[in-house]
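A.B. asks: Given chain A's structure and the hints, the job is docking chain B onto it.
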Amino acid sequence: MAWFKKTRKPIKGDAARSVPEGLWVKCPGCKQVIYNKDLAANLQVCPKCAHHFRLSAAERLRSLFDEGAWVEHDADLRSNDPLTFADTKAYKDRLAATQKATGLKDAIIVGSGQLDGLPIVIAAMEYAFIGGSMGVVMGEKLTRAAERALAERCPLIIVSCSGGARMMEGALSLMQMAKVSAALSRLDKACLPFISLLTDPTTGGVTASFAMLGDLNIAEPKALIGFAGPRVIEQTIRQKLPDGFQRSEFLLERGMIDLVVDRRQLKSTLAQSLRFMGAAPAPAPPEASAAAEQPAP
Amino acid sequence: MAADTLEFEEPITLLQKEMAAVASLPSTPERLRSIASLEARIQELRADIYKHLTPWQRVSVARHPNRPTVLDYVDRLFTEFVEIHGDRRFADDHAMVTGFARYHGEPVLIVGHHKGGGDTKQKIFRNFGYAKPEGYRKAMRAMELAQKFGRAILAFVDTPAAFPGIESEERGIAEAIAVNLRDMAALTVPVIVIVHGEGGSGGALGIAVGDRILMHENAVYSVIPPEGCAAILWRSSERKVEAADALKLTAPDLLKLGVVDEIVPEPIGGAHIDHAAAAALLDGPLRAALSASSAHDADTRLELRYRKFRQMGSVGIA
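Residue numbers (this note's numbering), protein chains in the order written: chain A, 1 to 297; chain B, 1001 to 1318.
Isolated chain A (complex conformation) (with noise of 0.2 Å):
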């Protein structure tokens, strides 16, 4: 090898975006230091320059489904190591030893309930898992949120967080894109909304196909937003990229994104935007005997 060769580093957890554990935080926008607690308060926000910390998908569920609460639907799909993948270490391995540090089976959680009095399905993905990336179970689970959104007749919601398609479940991975988009294309004809929101970072695969479908597409400020990552464009241009690209600002500016919203302005703009695409509050709940043989929510 060469002496001038650069090694590679491993690629390190994304330690300066999500909150690491302990009293106080140094914001990687403003480096101030926050109280823990007080950016728990405030959705995670930095409260002096408003960088957006990374939400986990369970975080990401509280902050929009009133009282916080909702009813999770698919949560024991599990892959089963489709290829039997191993490159340094077993995909087998890799997926036990995050099933267990995130007490999800995979990279995301799908949940009904309502938001702003409005029913809906909302499906959000854990960027701690595999990188948020989507295999096998992220498309069946999408895919049965949209249906359930459409025999429900109501919204359906998509919080993107992922570097993309999974690698370790090879071209069945790539294949989800097909399917949730497919199960997309009946929740469109049915006039049904369906609201993408992109955050931190959303790139891959998510972006070629359910992400850039939305009714509307939505980011969080400063969000990575991409197909092809930074590094890859780099390297086939062979020069620098310049500052911001691939930011949620420029593909807004590009005409991609309908709008950037602040996350403590999020849930008040969701409400809105759906309301406008007519979704509609529950019925009210019937007089005491009927409501007797409703079953718990």
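Keep in mind the hints are simulated off the structure, nothing from the lab.
No experiment lies behind these values; they were computed from the predicted model shown.
A couple of the hints might just be wrong.
Claimed, not checked - Straight-line Cα separation of at most 30 Å, DSSO-like style, residue types lysine-lysine; simulated pairs:
#, chain 1, residue 1, chain 2, residue 2
1, A, LYS48, A, LYS31
2, A, LYS37, A, LYS105
3, A, LYS240, B, LYS1123
4, A, LYS26, A, LYS240
5, A, LYS89, B, LYS1256
6, A, LYS92, B, LYS1121
7, A, LYS100, A, LYS37
8, B, LYS1256, B, LYS1240
9, A, LYS240, B, LYS1240
10, A, LYS89, A, LYS100
11, A, LYS89, B, LYS1240
12, A, LYS31, A, LYS189
13, A, LYS26, A, LYS37
14, A, LYS92, B, LYS1240
15, A, LYS222, A, LYS240
16, A, LYS105, B, LYS1256
17, A, LYS222, A, LYS267
18, A, LYS26, A, LYS100
19, B, LYS1121, A, LYS240
20, A, LYS267, A, LYS37
21, B, LYS1148, A, LYS189
C.D. replies: Then chain B, alone, in the frame of chain A:
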């Protein structure tokens, strides 16, 4: 020729050189016999090598510069081809070919990536088969034309990937592919997909949603190129051979996983050694797939296509 010889075909090249050397000498009955036997050994060796290709070797066959392009198939299987151009929004992408023709007398629409074949000027003109957003939009516009006039669509897939560059991102490559995935699922006319070369992830899938997916014996179809996968997971693109193995990107693997429906045989030694034979071998499966899909009414076809993609990946869920 030498530049196009694949590494694992070296033993064949040696024999070919030997044969050429004998042939250059004055002809004698003995030499003719020796040429004939060398010829037979070459055939045998080639058959043997191609029967036992590793996944990585298949990747190199799929990327062979002389591999037939969509237009090579058009020349041999179609008549009255009229190429149409442009996405009516921005530009005409030469990496994506669209046009209509007759296939066994029936009018059909053809869309397909084009890598440029063996000629350097053509390769540059075609951007090596890396289509940009305007390419996917051009394909979709052509498919909508077919939809409007009730013509079947044949999609020829052969691309390393969608073009990864600044202009691609600026003009919304992700959106262009995404819209194709959604709208191809809703086309009511028959759509047959032929993955005949390199099925490079989203760039391939962007024209590959159909009723029946045919895949050539030595084609590959993958979520990421083996080099890219190796660079990320093994931290060294040198491990591409292992990555090609692990990704299960060959036609037999994908048939087993339910990603493709049928394998199209190639001439011994790969489609690149005999374009006419390759086209002849595609004709039967293509015609059968098209007539099977055409036999359904539009609603059934839509429902079956939905179910086809709906089941993708079920094999991987516990």
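A.B. asks: Now tell me, hint by hint, if it's right for this structure.
C.D. replies: Tested hints:
{"no.": "1", "hint": "LYS48/A x LYS31/A", "in the structure": "holds (10 Å)"}
{"no.": "2", "hint": "LYS37/A x LYS105/A", "in the structure": "holds (28 Å)"}
{"no.": "3", "hint": "LYS240/A x LYS1123/B", "in the structure": "holds (26 Å)"}
{"no.": "4", "hint": "LYS26/A x LYS240/A", "in the structure": "holds (28 Å)"}
{"no.": "5", "hint": "LYS89/A x LYS1256/B", "in the structure": "holds (24 Å)"}
{"no.": "6", "hint": "LYS92/A x LYS1121/B", "in the structure": "violated (46 Å)"}
{"no.": "7", "hint": "LYS100/A x LYS37/A", "in the structure": "holds (26 Å)"}
{"no.": "8", "hint": "LYS1256/B x LYS1240/B", "in the structure": "holds (23 Å)"}
{"no.": "9", "hint": "LYS240/A x LYS1240/B", "in the structure": "holds (26 Å)"}
{"no.": "10", "hint": "LYS89/A x LYS100/A", "in the structure": "holds (16 Å)"}
{"no.": "11", "hint": "LYS89/A x LYS1240/B", "in the structure": "holds (16 Å)"}
{"no.": "12", "hint": "LYS31/A x LYS189/A", "in the structure": "violated (47 Å)"}
{"no.": "13", "hint": "LYS26/A x LYS37/A", "in the structure": "holds (13 Å)"}
{"no.": "14", "hint": "LYS92/A x LYS1240/B", "in the structure": "holds (21 Å)"}
{"no.": "15", "hint": "LYS222/A x LYS240/A", "in the structure": "holds (19 Å)"}
{"no.": "16", "hint": "LYS105/A x LYS1256/B", "in the structure": "holds (25 Å)"}
{"no.": "17", "hint": "LYS222/A x LYS267/A", "in the structure": "holds (18 Å)"}
{"no.": "18", "hint": "LYS26/A x LYS100/A", "in the structure": "holds (28 Å)"}
{"no.": "19", "hint": "LYS1121/B x LYS240/A", "in the structure": "holds (28 Å)"}
{"no.": "20", "hint": "LYS267/A x LYS37/A", "in the structure": "holds (21 Å)"}
{"no.": "21", "hint": "LYS1148/B x LYS189/A", "in the structure": "holds (18 Å)"}
The structure does not agree with the numbered hints 6 and 12 stated previously, though it agrees with the rest.
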